[in-house]
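From first to last, the protein sequence lines are chains A and B.
For the first sequence, counting from 1, position 204 maps to 204 in my numbering; every step adds exactly one.
For the second sequence, counting from 1, position 149 maps to 149 in my numbering; every step adds exactly one.
Where hints are given, some of them may not hold.
For chains that are exact copies, the list does not tell them apart, and a pair is met inside one copy or across any two.
Claimed, not checked - No farther apart than 20 Å at their CA atoms in a straight line, the calculated lysine to any residue pairs in the SDA-like style are these:
#  : residue 1 : residue 2
1  : 121       : 156
2  : 71        : 198
3  : 147       : 33
4  : 121       : 197
5  : 121       : 200
6  : 121       : 11
7  : 71        : 156
8  : 89        : 27
9  : 43        : 80
10 : 45        : 11
11 : 71        : 200
12 : 43        : 89
Hint data in this document are derived by calculation from the structure and do not stem from the laboratory.
2 protein chains.
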Amino acid sequence: MNVLWLFAHPESSSLNGALCEEGIRTLEAAGHDYRISDLYAMKWKATVDRDDFAGEPGGRLGLSGVAGASKEAYRSGTLSPDILAEQEKLDWADAVVVQFPLWWYGMPAILKGWFDRVFVKGYAYGVTDPRQPGRTLRYGEGKLAGKRALVLVSSGSPEAALGPRGINGQLDQVLFPLLHGTLWYAGMSVLPPVAVYGADRVSPEQYEAAAALVRDRVGALWQTDPLPFRTQNGGDYDDELVLEPGLASDATGLGVHLAG
Amino acid sequence: MNVLWLFAHPESSSLNGALCEEGIRTLEAAGHDYRISDLYAMKWKATVDRDDFAGEPGGRLGLSGVAGASKEAYRSGTLSPDILAEQEKLDWADAVVVQFPLWWYGMPAILKGWFDRVFVKGYAYGVTDPRQPGRTLRYGEGKLAGKRALVLVSSGSPEAALGPRGINGQLDQVLFPLLHGTLWYAGMSVLPPVAVYGADRVSPEQYEAAAALVRDRVGALWQTDPLPFRTQNGGDYDDELVLEPGLASDATGLGVHLAG
Numbered sequence: 001m002n003v004l005w006l007f008a009h010p011e012s013s014s015l016n017g018a019l020c021e022e023g024i025r026t027l028e029a030a031g032h033d034y035r036i037s038d039l040y041a042m043k044w045k046a047t048v049d050r051d052d053f054a055g056e057p058g059g060r061l062g063l064s065g066v067a068g069a070s071k072e073a074y075r076s077g078t079l080s081p082d083i084l085a086e087q088e089k090l091d092w093a094d095a096v097v098v099q100f101p102l103w104w105y106g107m108p109a110i111l112k113g114w115f116d117r118v119f120v121k122g123y124a125y126g127v128t129d130p131r132q133p134g135r136t137l138r139y140g141e142g143k144l145a146g147k148r149a150l151v152l153v154s155s156g157s158p159e160a161a162l163g164p165r166g167i168n169g170q171l172d173q174v175l176f177p178l179l180h181g182t183l184w185y186a187g188m189s190v191l192p193p194v195a196v197y198g199a200d201r202v203s204p205e206q207y208e209a210a211a212a213l214v215r216d217r218v219g220a221l222w223q224t225d226p227l228p229f230r231t232q233n234g235g236d237y238d239d240e241l242v243l244e245p246g247l248a249s250d251a252t253g254l255g256v257h258l259a260g
Numbered sequence: 001m002n003v004l005w006l007f008a009h010p011e012s013s014s015l016n017g018a019l020c021e022e023g024i025r026t027l028e029a030a031g032h033d034y035r036i037s038d039l040y041a042m043k044w045k046a047t048v049d050r051d052d053f054a055g056e057p058g059g060r061l062g063l064s065g066v067a068g069a070s071k072e073a074y075r076s077g078t079l080s081p082d083i084l085a086e087q088e089k090l091d092w093a094d095a096v097v098v099q100f101p102l103w104w105y106g107m108p109a110i111l112k113g114w115f116d117r118v119f120v121k122g123y124a125y126g127v128t129d130p131r132q133p134g135r136t137l138r139y140g141e142g143k144l145a146g147k148r149a150l151v152l153v154s155s156g157s158p159e160a161a162l163g164p165r166g167i168n169g170q171l172d173q174v175l176f177p178l179l180h181g182t183l184w185y186a187g188m189s190v191l192p193p194v195a196v197y198g199a200d201r202v203s204p205e206q207y208e209a210a211a212a213l214v215r216d217r218v219g220a221l222w223q224t225d226p227l228p229f230r231t232q233n234g235g236d237y238d239d240e241l242v243l244e245p246g247l248a249s250d251a252t253g254l255g256v257h258l259a260g
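Could you put the whole structure together from the sequences, leaning on the hints where they help?
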């Protein structure tokens, strides 16, 4: 299988760099192909701006302007070459690993900017069913459906503080905008995230445990059950995209979007 | 009062640009002072890298490296001048408005990078009580305590789909990493966010309603009750920073961090 590894840490000689190497060795040993997008090493441009749509001269980038300009540039093949290169890697990949240190409970800007720039309209959103043009393909459907996604984060927080009642918020819900709102939105099967806690002070024993966790989870990329996020078109949501009353009755919040 | 307005949209001639003007006129009419950080116009650098800590030559940026380098550069006054300028505006401000289009259910990378770069260790996190050095000041305490924060977003989503059971996730929980994990973490009083829905197709009537909402909420910046996030040091959390069993009993998820 083919794996794209997104790496968003400024230093390769870091805990994250070492864990990336553990993961890559695991893929190699299993005979998988891989490509690494090391965003800092690539000096990835984080910010969406007019230069991304150079083939669309004079275009405005109002709110629909960004979507409109990106859709037209995608359709006409005039997106900036660095974006096209990432889309080509993603098309090639059967699975994507997204690795980053949790900064302010989200992705470093350079990685957020990878999604802002690469996930353009017509590619990762605004995709309709060719047989039913009124049917939008997202949340489990779309051009990236069938690919797997594994998010791997490090955090200085202890595990309990990112747990179900921990002060920093339950990890999979803190990551909801990425896991559900981005990866699942674009159609990918999203695995439970992997986290290395207490990452600012790691003893040799703790490093070994973290490395073993990464090896296990990367080794099980194709055997792990994805998070059971509900599909948009599977009957769980009404016409206004609100969860049907009989499901997760009376509950609210992000947890209701997981089935079972 | 003094207001810092963070604006993160690539075009001033957009819905967001027009709503920003509405808000600024409201502040002017009430006699408040304001400064605008228009991140695209400023060509704000989104990515944390070694150049931010130019006064710390040869420093590694491992996981603790970023925190360590930023803390030392903050302490010694050698942070990059663009960061210092933003910290100076923040110190001056009594309130901050954070305005952006919701991209992939979060901030545009340029704005995430404002927090990544400006909220350095020793300033917005890693702050300890000078009288009790073992006591970390965060979640309602810290150097930014006493300032108010208002988040103002636009989204193409209809309101119901970002509601309590909507497919895109309940808005205040989707924004939890910013509202709770960043602004409240750094000590600020966080107001309920303001959202303009269906923002990719706005009729003149819908624009007027959105403008009135922005005027009302900006006008009530000092009268609106902040979100009742629980404080870290107020007795709601145990020594592992897990919510005490008697509070929001049996509940899990992001909602438990709101009192009452």
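Is the C-alpha distance from residue 43 to residue 89 at most 20 Å within one copy, between copies, in both cases, or in neither? within (17 Å within a copy, 29 Å between copies)
At most 20 Å between CA atoms: does that hold for residue 121 and residue 200 within a copy, between copies, both, or neither? Only across copies: residue 121 and residue 200 sit 13 Å apart there, 38 Å inside one copy, limit 20 Å.
Is it within a copy, between copies, both, or neither that the alpha carbon of residue 121 lies no farther than 20 Å from that of residue 11? between (32 Å within a copy, 18 Å between copies)
Status of residue 156 relative to residue 71 across identical chains (alpha carbons, at most 20 Å): Classified as between; 15 Å across copies, 39 Å inside a copy.
Given a CA cutoff of 20 Å, do residue 43 and residue 80 count as a within-copy pair, a between-copy pair, both, or neither? So residue 43 and residue 80 pass the 20 Å test inside a copy (15 Å) and across (19 Å) alike.
Quick one: residue 147 to residue 33, C-alpha cut-off 20 Å, is that within a copy, between copies, both, or neither? Result: close within a single copy only, 15 Å intra versus 51 Å inter.
Please sort residue 121 with residue 197 into within, between, both or neither, judging by C-alpha distance up to 20 Å. This pair counts as between: shortest inter-copy Cα distance 19 Å, intra-copy 35 Å.
With identical chains, the pair residue 71 and residue 198 could be close in the same copy or across copies; at 20 Å between alpha carbons, which is it: within, between, both, or neither? between (41 Å within a copy, 19 Å between copies)
20 Å Cα threshold - placement of residue 27 relative to residue 89: within (17 Å within a copy, 48 Å between copies)
Copy assignment of residue 121 with residue 156, given that the CA separation must stay at most 20 Å: For residue 121 and residue 156, the Cα distance is within 20 Å only across copies (13 Å; inside one copy 35 Å).
Under a CA distance limit of 20 Å, which applies to residue 45 and residue 11: within one copy, between copies, both, or neither? The answer is both: 17 Å in one copy and 18 Å across copies each meet 20 Å.
Which holds for residue 71 with residue 200 at a C-alpha limit of 20 Å: within a copy, between copies, both or neither? between (41 Å within a copy, 14 Å between copies)
Violation of the numbered hints given earlier is absent; every hint is satisfied by the structure.
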